[in-house]
Amino acid sequence: MTTPLDLAGQVVDLVRRLAGPGAEAEVSAEDAEHALTRFANSYIHQNVAERGTTVRLRLHLDGRTASGSSTVVGADGLRNLVERTVAAARNSPPDPEWPGLTPPTTPDGAGIWDEATAAASAGERAERVREFVDAAGGLEVAGYCRTGWREAAFANTAGHAVTGRVTEAAMEGIARCDGADGAARCGSVRLADLSGVVLGARAAVKARAGVAPVELPPGRYEVVLEPTAVADLLQNLAMYGFNGKAYNERRSFAEPGTEQFDRAVTLVDDALSAPALPFDAEGTPRAPHALVEHGVTTAVAHDRRTAARAGTTSTGHAVPDRAAAGAIPLHLGLLPAESPNGTTRASEVSGPVVDSDAAALVAGVRRGLLVTDFWYTRVLDPRSLVVTGLTRNGVWLIENGEVTTAVRNLRFTQSYPRALAPGAVLGVGRHATLQSWTFSDAWWSAPALRLASWNFTGGASG
Amino acid sequence: MTEFDAATAAVQAALDAGARYADARVMHRRYESMTARNGEIESVSQDESAGLGVRALVGSGWGFYAVPDLGGAAARAAGERAARIAAASGRVAGPGSSLLPVPASTGSWHSPCRIDPLSVPLADKGDLLVRATALSREHGADQAEGIYQIWDTRKWFVSSEGHRIDQHIRECGAGISATVIGDGETQRRSYPRYRGQYGTRGWELVEELDLTAHAARIAEEARELVTAPLCPAGETTLILGSEQMALQIHESVGHAIELDRILGWEAALAGTSWLDLRQLGTLRYGSELMNITIDPTIPGALGSFGFDDEGTPAVKRDAVREGRWVGTLAGRDSAAVAGLDYAGSVRSDGWARLPMVRMTNVGLEPGPHTLEEIIAATDDGILMDVNRSWSIDDRRLNFQFGCEIAWEVKNGRRGRMLRNPTYTGIGPLFWRSMDMLSSEIVVWGTPNCGKGQPTQIGHTGHPAAPARFTGVRVGVRG
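In the order they appear, the protein sequences are chains E and V. Counted the way the numbering used here counts, the first sequence spans residues 1 to 462. Counted the way the numbering used here counts, the second sequence spans residues 1001 to 1478.
Simulated from the structure, these hints should not be mistaken for lab results. On a predicted model such as this, the values are computed, not experimentally measured, just so you know. Where hints are given, some of them may not hold.
Computed footprint of chain V on chain E; a stretch qualifies when at least three of its residues, placed anywhere within it, have a C-beta under 8 Å from a C-beta of chain V [stated by the list, open to error]: (1) 45 to 52; (2) 68 to 79; (3) 388 to 394.
So the derived label-pair ranges between C-beta atoms look like this [what the hints assert, rightly or not]: (4) E:V198 <-> V:I1115: 35 to 43 Å; (5) V:G1096 <-> E:G423: 55 to 63 Å; (6) V:G1096 <-> E:V214: 34 to 42 Å; (7) E:T258 <-> V:P1368: 19 to 27 Å; (8) V:E1207 <-> E:P94: 20 to 28 Å; (9) V:S1098 <-> E:S453: 15 to 23 Å; (10) E:D62 <-> V:T1455: 34 to 42 Å; (11) V:D1210 <-> E:G74: 36 to 44 Å; (12) E:T258 <-> V:G1234: 44 to 52 Å; (13) V:D1183 <-> E:N41: 46 to 54 Å; (14) E:R220 <-> V:D1127: 39 to 47 Å; (15) E:T105 <-> V:D1124: 37 to 45 Å; (16) E:N41 <-> V:P1112: 35 to 43 Å; (17) E:V198 <-> V:E1235: 55 to 63 Å.
Built from N, CA and C at the ideal position, the CB exists for glycine as well.
Based on the provided sequences and hints, a complete structural model is requested.
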């Protein structure tokens, strides 16, 4: 059986033969299987799986650079990939900012692998869906359960070669009750960590508590954001704020060395704690990377190209096929407040609040809103990171430390850094939950968060 | 073994494993893209992807499996695996699934292409982006960006009902943008839209765009925007240019009329729709000027094809006629559930993805006016164009969109430039306020429409023209 490392090595050899010893090449090969069982209207309506191998090549030849990839990985396919990438490089304009190759380096570990998750069947995923449906107690539900594994290798002509493998599993769903939706989600490297019973029950409680919402006038409200909503903050901060390319181009708000956030905010990108490979698309080993420490911006994320331009070194954040998007910390986490008893998970509570962590934050609010999810958030201006979006899957009014009534969804227009600015963070949960990003392989680690002010600019009716 | 042979083997294996229906698609796609920044090439990439995806219906459960191997054994194994996955779906079974009966189509189709975009020398394509971005930079852009993308896709489709179709679709397009960094914010101008205009055409589309002719203008406009007054906040008469109208149609009509959303199949992620099938044919969606068609037959438009990915031939139909909602984007399974007698809007973004309901070309028929007539007829309003941000709720009702540029309109004339223009509203109320519509249709191509799990990126087309709306809230900001 041909391994990803075999494939990567074959391509490096082909480059040497076809492009000569002066060519610099980096090759990644990944064999993967992903499966996703999707349900809606309380039954499985889509059930998919795919198996495939992808080889990516980036080549620097005579001062010019080109990239290519292929899923056709037989001998002819690999030769074709190398030949067309060589031809593309020779026909490309000069690349004076080529940052060179990653030197031989040893990554910290090989990724987190769970054999049972790698071998998970459609039947096992369907079983968790069955649990979710049953736990919702007759409410209509929708969502998915997915499992997958990746085995990958990276090799370059500088003699650097690394391998890694990882499994992942995630489940999320909504329950629906008289026009109100409640959501629950969970991600892990192990399918065994996912319970359809817990998630279905939680979604159902939220949905039932969301019935007959009142409409509140737009304005600034104190908020408790559940981890699911905090994940959206992390996603946008990662994409636009701590992206080394955006920083180099002065499109980011980030100013290393400056106290831009509340002292309660510490942000660390840590791929090694997530279902992620231990090296990035350029073969740079990944390691925990602090971006904000106690409110002070300390760094941004770099790949080799953005690092060279900034006069520093790569932090291991090269993203496959996304050179134009920049270097993005795709495993960003907001560090939770210290847990006095060292527990690793918040406990379940009754009512619409997700867990004991969020409940503790709610208890301190005189008047504010509890928000489950943010939805369809889009950046109005990347530099100030003003974002518009909507609440989703449950909003409630908090009065004197108690959740009192469901609220209709609201639209907001809010600068994310300003919401986290010094003095603006009134509390951080003691436990973080791992969540996968809907549209990519990113994972966010987020606790609940209490913020002094959030700018809601419209109600459900406009 | 030919591609048809592989697809046929997969279908037969699924049937042998217990499926009562199966179809398979072999796809081979070559993709090329280049980006440039400030007069230098930033990235060049050429990708190739090939494989087979097979869909099986066992009882009332669906299963899909995809493999990159087109050999006979692999194809048969994929068919068997799809049937096994479909059987597992039966553990949480819904109502019996069926497919809208359609005649089994056979045929070939290819998109129009005068200049094969993959045959144009890379150096020529690179020179174009370098020249355009350098020019923008010289005229004041802090960041001048350019991009082109090319997709060359061949598909072979076979079903257990006798479909046998092959298609060759070539798509390409390009665009440039200029960003100026201001004091605490950025301003961007793009031509013809951010990340480009696309179609099912050859490189002639890119040549017609004439990027370099617009490079200086967008840089100068971006710089002017930095010091322009803010778009005022309040309620006013809003005129939208055709590019922003394409976005308005895509988000507040195109997604809303997707039948899978209406049926709740996308409830957990993309969301549902405010539309209720019981109101199909009677609901007033917009003013009588609003005529929206679903038309995959428009030559060269990005959402055009000969057959959708279930083998249904491309047909034009109405979605909104004189303001009344009359049609949906449907597939054979969703149409059967909804009791509709048409399908034809199902596509997948590659061999490894399940075909699902997607927009084709969803857009406006022309109105009776011109943009200049609309401006001349407006005493007090704002003209906005070229999308910068878009956000809409999960029922496709409450939207807030931002544009790159706006101008005051006073006493029938275009006045000073305004920065950070945004507007917000509720879809049907907004469309019902449309009181003037231009005849100047442009068919915009959107190559980045995300939907589904796992995510699929759809290519959609949108005929759009400038239009006027009354009583719109503008100038929302944080």
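Do the hints match the structure? See the list:
Only residues whose beta carbon comes within less than 8 Å of a beta carbon in chain V count, and the segment 45 to 52 of chain E has 8; three or more means the coverage holds. Figure legend: the segment 68 to 79 of chain E, annotated as covered by chain V; annotation consistent (7 residues with Cβ-Cβ distances under 8 Å, at least 3 required). Against chain V, the segment 388 to 394 of chain E contributes 4 residues with a C-beta closer than 8 Å to a partner C-beta. That satisfies the three-residue criterion, and the hint holds. Under the hint 35 to 43 Å, the C-beta atoms of V198 (chain E) and I1115 (chain V), about 58 Å apart, miss the expected range.
At about 59 Å, the beta-carbon gap between G1096 (chain V) and G423 (chain E) stays in the expected band of 55 to 63 Å. A hinted range of 34 to 42 Å for the beta carbons of G1096 (chain V) and V214 (chain E) is consistent with their spacing of about 41 Å. The hinted range of 19 to 27 Å is not satisfied by T258 (chain E) and P1368 (chain V), whose Cβ atoms lie roughly 56 Å apart. A hinted range of 20 to 28 Å holds for the C-beta pair E1207 (chain V) and P94 (chain E), which are about 25 Å apart.
Distance hint check: the CB atoms of S1098 (chain V) and S453 (chain E) are about 53 Å apart, inconsistent with the given range 15 to 23 Å. In this structure, D62 (chain E) and T1455 (chain V) meet the distance hint of 34 to 42 Å, their C-beta atoms being roughly 37 Å apart. The given range of 36 to 44 Å is respected by D1210 (chain V) and G74 (chain E), whose C-beta atoms sit roughly 42 Å from each other. Taking 44 to 52 Å as the suggested C-beta distance range, the pair T258 (chain E) and G1234 (chain V) does not conform, at roughly 36 Å.
The beta-carbon spacing between D1183 (chain V) and N41 (chain E), approximately 51 Å, falls within the hinted interval of 46 to 54 Å. Between R220 (chain E) and D1127 (chain V) the beta carbons are some 52 Å apart, a value that contradicts the proposed interval 39 to 47 Å. For T105 (chain E) paired with D1124 (chain V), a C-beta distance near 39 Å keeps the hint of 37 to 45 Å intact. Our hint of 35 to 43 Å for N41 (chain E) and P1112 (chain V) holds, since their Cβ atoms are close to 41 Å apart.
Between V198 (chain E) and E1235 (chain V) the beta carbons are some 47 Å apart, a value that contradicts the proposed interval 55 to 63 Å.
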